[in-house]
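First to last, the protein sequences are chains A and B. Residue numbers for the first sequence, in the UniProt record's numbering: 1 to 554. Residue numbers for the second sequence, in the UniProt record's numbering: 1 to 316.
It is worth saying that the hints were derived from the structure and are not from the lab. Computed from a predicted model, the values in this text were never measured in an experiment. All C-beta atoms in this analysis are idealised placements derived from N, C-alpha and C, irrespective of residue type, glycine included. Mixed in with the good hints there might be a few duds.
Here are the computed lysine-lysine pairs in the BS3-like style, where the Cα-Cα straight-line distance is at most 30 angstroms [unchecked claim]:
{"#": "1", "chain 1": "A", "residue 1": "Lys242", "chain 2": "B", "residue 2": "Lys181"}
{"#": "2", "chain 1": "A", "residue 1": "Lys203", "chain 2": "B", "residue 2": "Lys52"}
{"#": "3", "chain 1": "A", "residue 1": "Lys214", "chain 2": "B", "residue 2": "Lys52"}
{"#": "4", "chain 1": "B", "residue 1": "Lys52", "chain 2": "A", "residue 2": "Lys478"}
{"#": "5", "chain 1": "B", "residue 1": "Lys52", "chain 2": "A", "residue 2": "Lys169"}
Listing some non-contacts, in silico: residues in chain B with all C-beta distances to chain A over 10 angstroms [claimed, not checked]:
{"#": "6", "residue": "Val21"}
{"#": "7", "residue": "Leu215"}
{"#": "8", "residue": "Leu238"}
{"#": "9", "residue": "Ile293"}
Listed below, chain by chain, are the residues.
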Amino acid sequence: MKRVNRSISIAAVASLLLLAGCGGGNTATGGTGSNSGTATTNSGGSSTSAAGKTMFLGLVNPPILFNPINSADVASQFVEKFMFDSFLEMEAPLKFVPKLADSFETTDNQTFTIKINKDAKWSDGKPVTAEDAAFTFNLIANPKVEISVGSYLSMFEGVKDTGKLEDGKTELPSVKVIDEKTLEFKTKAPVDPNMIKEQLGTKLMILPKHALEKIDPAALSQDPFMQKPTVTNGPFKFVQYKKDQYVEFEKNPDYYLGTPQLGKLFIKIMPAPNLVAQLQTGELQMNIGNGIGKIPPQDYETVKKFENVNTKSEAQYGFQTMMFNTEKITDPRVRQAITYALDRQQIVDKLLRGYGEIVDGPYTSVSPYLDKNLEKYSYNVEKAKQLLQEAGWDFNRELNFVVPLGNKVREQSADILTQNLKAIGMKVKVSTYDFPTIMQKAKAGDYELLLMGLTFTLDPEVSSLYSSIGSFNFMKYKNPKVDELLLKGKAEPNPDKRKEIYTELQAIWNQDVPVISLYSDSDFFAYSKQVAAGEPKIFGFHNHLEKWSMGGAQ
Amino acid sequence: MFQYIIRRLLIAIPVLFGVTVFSFIIVNLAPGNPVEMFVNPDTTQADIELKKEALGLNDPIYVQYFRWLGNLVQGDFGYSFSTYEPVLNMVSSRIGPTLLLMGTALIVAYLIAIPIGVLSATKQYSWLDYFSTSVSFLGISIPHFFLGLGFIYIFAVQMHSLPTGGMNTLGSDGGFSDTFKHLIMPALVLAAGIAGRMVRYVRSSMLDILGQDYLRTARSKGLREFFVINKHGFRNALIPIITVIGIDVSVLIGGAVVTEQIFQWPGLGQLTIQSIGSRDYPTLMAINFLAAIAVLSSNLLADIFYSVADPRIKYD
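The shape of chain A in the complex, shown without the other chains (with noise of 0.2 angstroms):
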């Protein structure tokens, strides 16, 4: 009888905990737009100061370190360009403009000439010179220098196929200082400039010679400098990074594209849902997206309705991908007919509610090289079926379906993905592990079907995935025609004929399907309307960050 009436009262409280969590939904959307305006001011978000007002961002990654050479995050390499500058941006698909260089130019294709922005200098008032890239790229390739961005350099002349310069030497034959604001550097044959362009412009940013050369190279990464960058040449200076919680910065007053207008920046680290509580609470004037910063694609209409943000979804060029492990699953057969039997848009229309889109092969509809006419795999059952029974395929087979934890649209997607292959009569166990697992089981082979998601650069040169010692072939695929129109592809300089040869690798990529895309998700923004100027995108982020703005009375 006591019984009974514990289990009662515990049940009346709980629903009533229920009820409550009902009502506050429903008034959700429609009270926040009230509360919006003066969110920002009590909950201390935006101050205006002389010095000029503050922006607060969202990041979802904490950013590891502030090593420009040995960050393999996105999030550490995202933070680092308020800080460092990049030679050129990328504005647009292949649209590169100037920023710490002035211009980034060949005649040939294989000697490159760099020169940098007279003003340009570091933060500590020395002029930024040829002497400090020629210094960076010396430490690149300097063979005792822990670095994360090797593949920049290894087209270089005098490396070794590995990107590292001998034993013993530290300074690389091929780059040369030309005067104090030219550079000149040469690669093995001529390339395609925009390769260059994209990777050594845009994405290296340069070390201050005068105050890192004293340091031994090979004590280079744990030098305090990395963790707490005091000389630099961005719009912001580096104030201070609380660990996992925000990182401070200053506007640089003496930048060379101009003083900022922002006084202060921060760049705030937190879970996906928090991002959009601070959105709503006017804690946030916008989220960074490009992957880290990311608002959950559930939550995007809700936020959509936020009176007091601006929103947009644009598409990108990092997409989610199903490996095969060639070695086990042998029969092209076999990887078509799963291929046909994946209900991808499915996963567009219900895990990203519309927002993403269905790719086949390595570039999504952001990348020039995509093949348009390229026959795509549509959803067919049949199809499927009838492609396994000419393959032979063995219906009590098990296959090893692996998933990485931490992106919950794609741990989802698992498991319409393991309906789909149900469907068609395969049998599946799903075994889900966090990352560093997931990278020992794909380099290891341990696996029949893997998800991984990839972001490549613009170019189209994705050795790293297809080539048989690419890095990121975990699916053990081998094919001599792919390896050879690979490195063609690599060392054609000719953007149109490049074209040409991608065209014919994604048309052998079709048939052999080692790896499907599944979708590339929409990135998803939001920022206040207080922001007068500069908004999140995923091209050209960082450009003219010196012209973001607040506006009016706060």
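Place chain B on chain A using the hints.
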């Protein structure tokens, strides 16, 4: 008593050594390794090999362990495999916030739970008893992340009265009241579970005592009920409760991990999650080492408090 404490401290040394060996093995057994987190399409195989060598990952595990131990003895926790920062700096900057959060949560939990538990027991089967046991059940069973997000929704998004996360308002100098405001939600979330459990322990412990003969004796002496309960009753009920406090420390460490994550509280819990995600061995080892020390010392403290609560308990 003093000798007892010294003896306990001496025993702690081999225990700690054992903990480091085990955790080193377990940390290294986890699939994947720190260097694999560095892989992106811009990274070459040579970059990866160089890192492995530089971090000493190519050495056999026992060599790695003794190198770590050798440094530890000299007070050096090494440097992080992902951020390259000295581990000691990373960990020590996180201890303060974690202690503040855990301490506040513990105090709040006990301030709420002990009186309610005592009342609940003395007024057994009253509406107050049912209500408090139901609410405490809820406190135990509600997941931290759920309660945390609910709080954020109500107090930050709807009412705009509390900040959604962090420890200080950015751009301000912080100060006591600012930190206090940031502390309220995470401390309450963490306190909910502890208080829920504690109410039940106090209640059942008190119920045991309330039926004892010596309480009847105390009452028949004409003592006022308030003194009967609080002096004679509660003191004796304390023994099992102290045991629970000792255990709570390890539970608290687990709860803090989730809570710190939700509220971006810059404590050890958050650091732990990230270090696991990046297989940052030196940082994980340092955290394990500290957690072991915390658990050992909270057990020792509990034992000392036993003898304070009950003079019959003596240690020689």
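The hints, checked one at a time:
{"no.": "1", "hint": "Lys242(A) - Lys181(B)", "result": "holds (19 angstroms)"}
{"no.": "2", "hint": "Lys203(A) - Lys52(B)", "result": "holds (24 angstroms)"}
{"no.": "3", "hint": "Lys214(A) - Lys52(B)", "result": "holds (25 angstroms)"}
{"no.": "4", "hint": "Lys52(B) - Lys478(A)", "result": "holds (27 angstroms)"}
{"no.": "5", "hint": "Lys52(B) - Lys169(A)", "result": "holds (21 angstroms)"}
{"no.": "6", "hint": "Val21", "result": "holds (22 angstroms)"}
{"no.": "7", "hint": "Leu215", "result": "holds (23 angstroms)"}
{"no.": "8", "hint": "Leu238", "result": "holds (26 angstroms)"}
{"no.": "9", "hint": "Ile293", "result": "holds (22 angstroms)"}
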